[in-house]
Amino acid sequence: MKLKGLLSAVIAILCGLVVLAGYFIRLPFLVKASSIFLNWAVLLTAFAVLLGIFNLLIVHIGKVTGKQKGALYSILLVLAMLVTFVIGLVIPLYPKAAPALDFIFRTFQLPVEASLMALLAVTLTYASIRLLNRRLSVFAVIFIVTVLLILLGTAPIPFVGSVPWVSDSLRPVIAQVLAAGGARGILIGVALGALVTGLRVLFGADRPYGGK
Amino acid sequence: MTDTILGLIGFSLVFLAAVLMAAFAYLRRKSVPPLREIPAYARLRRAIGRVVEDGSRLHVSLGRGALVTPQSASALAGLALLRRLADLTSVGDRPPIATSGDGALALLSQSTLQGAAEDAKLAYDPSAGRLTGLTPFSYAAGAIPSIRDENVSTTVLMGNFGVEAALLTDASERANAFCVAGSDNLAAQAVLYASAREPLIGEELYSAGAYIEPAPLQTASLTVQDVLRWLFIAILLGGALLKVAGLL
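If you read the sequences in order, they're chains A and B.
When you line the first sequence up against our numbering, it's residues 1 to 212, in that order.
When you line the second sequence up against our numbering, it's residues 1 to 248, in that order.
What the hints contain is simulated information worked out from the structure, not anything from laboratory work.
Yeah, the Cβ is synthetic: ideal placement off N, Cα and C, and Gly gets one too.
Incorrect hints may have been included.
Selected chain B positions facing chain A (in silico; Cβ < 10 Å) [claimed, not checked]:
#, residue
1, A25
2, L67
3, L76
4, G78
5, A80
6, S138
7, V191
8, G202
9, G209
10, A220
11, D226
DEER-style ranges, computed between Cβ atoms [stated by the list, open to error]:
#, chain 1, residue 1, chain 2, residue 2, range
12, B, A240, A, F108, 50 to 58 Å
13, B, E53, A, V31, 52 to 60 Å
14, A, R106, B, L248, 47 to 55 Å
With the hints as extra help, turn the sequences into a complete structure.
Below, the structure written as C-alpha cells:
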C-alpha cells in the first residue's frame with residue numbers, strides 16, 4: 001500500500017474510533033476530542049460545499065467552451081450562479097440588497113422545484129402502470145392494490161366524498177398496522193446495514209477517503 | 001442513569017458486531033461463503049460487462065447523504081461500490097461518472113475515481129465526479145443531463161435519496177439504461193420499487209461490496225448483519241410475549 005494511502009487510513013480509523021468512543025464512553029477527554037473532530041468535520045464539509053460549487057461551475061464552463069449538447073442551459077446556469085454569488089457577497093456590505101436573494105429564491109427556485117414535484121406525480125403514476133408490465137409478480141400486484149386502496153381511502157371522490165368502509169376502516173389498518181410494521185422491519189435492517197458499513201470503514205475494508 | 005444504560009447497550013452492540021465481524025472474517029479467510037441471491041447485483045455485474053464491451057459509460061449517483069449526518073452510511077456504501085465499479089470498468093473506453101448532492105461527497109467521489117484511474121494507470125478527468133445541485137430537486141435536475149447526454153448504459157443510484165429519485169430512474173429508463181437503485185429513505189424505497197428496473201430494499205443497499213467483489217470482511221459483515229437481525233427478532237418476540245404475559 002502506498003504511504004499516502006496508509007497514512008490516510010490510519011488517520012481516518014483513529015478519528016473514527018475516537019468519535020465512536022466519545023459517543024458511548026462519557027470520559028471528559030474523549031468527549032472533548034470527539035467534539036473537536038466533529039467540529040473540524042463540519043468546517044471541512046462547509047468548505048467542501050464551496051469546492052463542489054466551483055466544480056459545478058468548471059463542468060458547465062467546460063460544456064459551454066466545448067459547445068456540448070445543452071450548452072445554452074449551461075450558460076444560464078453559470079450566469080445565474082455568478083449573479084447569486086455576487087449578491088450574496090454584497091449583502092454583508094450593503095444589507096439593502098438582501099431582498100434580491102429572497103426575490104431570486106421565490107421567483108425562480110421555488111416555482112421550478114414545485115413544477116418538478118408536479119412532474120414527479122406524473123412520473124410516479126406512469127411508473128406504477130409500467131411496473132405491472134415490467135415485473136409482474138405477486139408483490140407488484142400487492143404494491144399496486146395497496147397504493148390504490150390508500151389513494152381511495154385518502155382522497156375523496158368528486159361528488160361522492162370519502163368511501164365509507166375504505167376511508168374509516170381499511171386505510172387506517174393498512175397504513176398504521178401493516179405498513180408501519182413493514183416499515184419498522186425495513187428500518188431495523190437499514191440500521192443494521194449502517195452499523196456494519198461503519199464498522200467496515202473502521203476496519204479499513206471500505207476506504208471512501210481513497211486508497212484500496 | 002438511563003443515558004448511561006443506553007450508552008452501554010449501544011457500545012456492547014457495536015463491540016459485539018466488531019468482534020463477530022473480525023472472527024467471521026478470520027474463520028472464512030480462505031473460502032467465501034455462498035450468499036443468498038440478490039438479482040439486482042447479478043444483473044449489475046452483467047451490465048458492467050456490457051459497459052466495457054460496448055464502450056458506453058457507467059453513471060453512479062451517490063445521493064445527498066452529508067457525511068456528518070446519520071445518512072452518511074448509505075453514502076459510504078455508495079462510495080465503496082463506486083470504487084469497485086470504477087476498477088471493473090477501468091478497461092473500458094469511457095471512465096465512469098459520479099454525481100452527488102453534497103459537497104464533501106462530491107470531493108470523495110473525485111478522490112475515489114482518481115484512485116481508480118491511478119491504479120489502472122489512466123488519465124483522470126476531474127469533471128467525472130460532480131456536484132449537480134444542493135437541494136433534492138436541483139440535484140436530480142442536474143444529474144438528468146449526465147444520464148441523457150453522456151452515452152450512459154448503466155445507472156447505479158446508491159445513497160440517500162428522497163422521492164426525487166424517480167426523476168433519475170425515469171431519465172435512465174428513457175435513455176434505455178439499466179438501472180439499479182437503493183436508498184436508506186423509506187419513501188424513496190417505495191418510489192424506487194415502482195420506478196427502478198432493479199430496486200434494492202432495506203439493507204440490500206449496504207451489501208453491494210460483498211456481492212460485487214467478495215472479500216472476507218465484506219462477507220463477514222453480512223453474516224454479522226444476519227446474526228444481529230435474529231438477535232433483534234428474538235428480543236422483539238420475547239418482549240411481545242412478556243408483554244402479553246403481563247410481566248413487562
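Now for the hints, and whether the structure bears them out:
no.: 1; hint: A25; in the structure: holds, 8 Å
no.: 2; hint: L67; in the structure: holds, 6 Å
no.: 3; hint: L76; in the structure: holds, 5 Å
no.: 4; hint: G78; in the structure: holds, 9 Å
no.: 5; hint: A80; in the structure: holds, 4 Å
no.: 6; hint: S138; in the structure: holds, 7 Å
no.: 7; hint: V191; in the structure: holds, 6 Å
no.: 8; hint: G202; in the structure: holds, 4 Å
no.: 9; hint: G209; in the structure: holds, 6 Å
no.: 10; hint: A220; in the structure: holds, 9 Å
no.: 11; hint: D226; in the structure: holds, 9 Å
no.: 12; hint: B:A240 <-> A:F108: 50 to 58 Å; in the structure: holds, 53 Å
no.: 13; hint: B:E53 <-> A:V31: 52 to 60 Å; in the structure: holds, 54 Å
no.: 14; hint: A:R106 <-> B:L248: 47 to 55 Å; in the structure: holds, 53 Å
Violation of the numbered hints given earlier is absent; every hint is satisfied by the structure.
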